[in-house]
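2 protein chains.
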Amino acid sequence: MKLHILGCHSATPRSTVFPSSQILEIGNELLLIDAGEGMQIQLRKYKHKFNKIKHIFISHLHGDHFYGLVGYLSTLRLIGREKEVHIYAPIGLKDIIRLQFKITQTDINYPLYFHELSASISEQILDTDKFSVTTIPLEHRIYTNGFLIKEKPALRKLNIQVVKQFPEIETWAYHHLKQGKDFVCDDGTVIPNQQLTLPPPPPKSYAYCSDTVYKPDIVPLLKDVDLLYHEATFLDQHKDLAAKTKHSTAKQAAQIARAAQVKHLVLGHFSSRYPDESLFAKEASHIFDNVSIAKEGKCFEV
Amino acid sequence: MKLHILGCHSATPRSTVFPSSQILEIGNELLLIDAGEGMQIQLRKYKHKFNKIKHIFISHLHGDHFYGLVGYLSTLRLIGREKEVHIYAPIGLKDIIRLQFKITQTDINYPLYFHELSASISEQILDTDKFSVTTIPLEHRIYTNGFLIKEKPALRKLNIQVVKQFPEIETWAYHHLKQGKDFVCDDGTVIPNQQLTLPPPPPKSYAYCSDTVYKPDIVPLLKDVDLLYHEATFLDQHKDLAAKTKHSTAKQAAQIARAAQVKHLVLGHFSSRYPDESLFAKEASHIFDNVSIAKEGKCFEV
Chain D
125 MKLHILGCHS
135 ATPRSTVFPS
145 SQILEIGNEL
155 LLIDAGEGMQ
165 IQLRKYKHKF
175 NKIKHIFISH
185 LHGDHFYGLV
195 GYLSTLRLIG
205 REKEVHIYAP
215 IGLKDIIRLQ
225 FKITQTDINY
235 PLYFHELSAS
245 ISEQILDTDK
255 FSVTTIPLEH
265 RIYTNGFLIK
275 EKPALRKLNI
285 QVVKQFPEIE
295 TWAYHHLKQG
305 KDFVCDDGTV
315 IPNQQLTLPP
325 PPPKSYAYCS
335 DTVYKPDIVP
345 LLKDVDLLYH
355 EATFLDQHKD
365 LAAKTKHSTA
375 KQAAQIARAA
385 QVKHLVLGHF
395 SSRYPDESLF
405 AKEASHIFDN
415 VSIAKEGKCF
425 EV
Chain S
125 MKLHILGCHS
135 ATPRSTVFPS
145 SQILEIGNEL
155 LLIDAGEGMQ
165 IQLRKYKHKF
175 NKIKHIFISH
185 LHGDHFYGLV
195 GYLSTLRLIG
205 REKEVHIYAP
215 IGLKDIIRLQ
225 FKITQTDINY
235 PLYFHELSAS
245 ISEQILDTDK
255 FSVTTIPLEH
265 RIYTNGFLIK
275 EKPALRKLNI
285 QVVKQFPEIE
295 TWAYHHLKQG
305 KDFVCDDGTV
315 IPNQQLTLPP
325 PPPKSYAYCS
335 DTVYKPDIVP
345 LLKDVDLLYH
355 EATFLDQHKD
365 LAAKTKHSTA
375 KQAAQIARAA
385 QVKHLVLGHF
395 SSRYPDESLF
405 AKEASHIFDN
415 VSIAKEGKCF
425 EV
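Listed in order, the protein sequences are those of chains D and S. The first sequence runs 125 to 426 under my numbering. The second sequence runs 125 to 426 under my numbering.
Careful: at least some of the hints might be erroneous.
The list makes no distinction among identical chains, and a pair is therefore deemed to hold if it is satisfied within one copy or across any two copies.
Straight-line distance between alpha carbons at most 20 Å, and here's what the computed SDA-like set of lysine to any residue pairs gives [stated by the list, open to error]:
#: 1; residue 1: 171; residue 2: 150
#: 2; residue 1: 370; residue 2: 230
#: 3; residue 1: 387; residue 2: 425
#: 4; residue 1: 422; residue 2: 140
#: 5; residue 1: 276; residue 2: 250
Source of the hints: derived by calculation from the structure; they are not laboratory data.
Using the sequences and the hints, build the whole thing.
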């Protein structure tokens, strides 16, 4: 699992930074999380394959989190996309996209599914062989969700040196062993799976929380995640403004990370009022050790 | 009058070039012509003042010509715009913008006027003290207009050395002289204006034609314009594709420029299939001498 930042700044446009958008790479799949304006330019810049994205998650319907989506969806038509695309977003986005396709006379040539979100409690919205996605109810000026992406446990690894000591274990049985099954010999003897295989690497988890006021009741959902991206629009000196605009400070993001005992905190969604983003890391690091600053083009291994 | 190119490429996104968008500077005013995605990033990059734009002209409702508009209009709210904004665009854009403002709960704090275009013949859509704007009916896959912007004649210039020879011409009379009036002395003697003033520089004109199939019937509208921006999506080797997609080739753009006897032709809206844009200039220059290639950040004095 790898997190690629396409954009991590708040709405005010600048020529060098982009609004919220990121790619979570899981195995061979790319999940797109939020799609601020210019997102497809960033996809090109960082050489992500447009066609590899099947699932798109939009946290909320403020422009700096989705104005880049319609351009990307139009480009998929241009480049001959045939595979389906799924969009998980609050109610309203479907109407916005469909109206634009109607008026621009855009006939998309791929199946496009909208999964409209409106629940106020956490819900699982996607479940595949490899991972699941669950919403994290956030509190902002408009209906907003974060997203929790959890890998499923991988198959166990063959301890091939041990396996080779048993000639009766033929290769057809390997897949069963990887699935955790014991091996039963023809004479009924059982060779326990634990003797033949090694545990897989622990499944990873990633949580995306933007935009939100300080909301400690999400902590149980974030418990022990490997990587937490939490918005930090403001510094503590502007905590009143954060509360008023329903955003968080770097300190508050760190408090969430500490309470949830996450392994790594990445801060983003920075307001343009601060000239130096290292201030966010400095403020958060008083409360939580392992903190990083998001930046366009940066990649975080989960 | 100056033309600033913000974007001049066709729809396929790239990380270094942008879709159609440009600024026409007339005196102290900036006119925005088309607004492809990323337009506001380009405005920032080339240091154009967001607040100086009052009139916005959208040629047609294909995404590469307007997907950047809603972000720009949202930013105006963020930066506290109070002055009115006028948008001249085909029917449909108003609905698209309004739906997005409704769903994103964006309350703009400035008056926003939509002037919806649907005429199939040329019409004057704006008339100010300094300039007028007239549509140029184009033919594309969707309803499309080009725009012809004509400066009004400036005031005549005082020939101050001559004026000073007549002590009876006091400064209060200067404005009348600049307007072309003769000076009448107290004794009834008339000093002809031509003796006292110099002609102003001739008014300039600019025509924007994108997107369109080769359409020679626009030539009379373009007659003698100082600068013509004409789309050249394709080279002559792909003229069948140009006809099919209702675009022009560089050669066809040059034919229009030659027939209209314009002073300077700028080509733009290049397809991404050609690695070298100088090919467009080369092709056009066989037919028309004064041809340039548009490029992001480039400025053309009219």
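Taking the hints in turn, this is what the structure says about them:
| no. | hint | result |
| --- | --- | --- |
| 1 | 171 <-> 150 | within (16 Å within a copy, 40 Å between copies) |
| 2 | 370 <-> 230 | between (36 Å within a copy, 16 Å between copies) |
| 3 | 387 <-> 425 | within (12 Å within a copy, 57 Å between copies) |
| 4 | 422 <-> 140 | both (14 Å within a copy, 19 Å between copies) |
| 5 | 276 <-> 250 | within (12 Å within a copy, 61 Å between copies) |
The earlier numbered hints are all upheld by this structure, with none contradicted.
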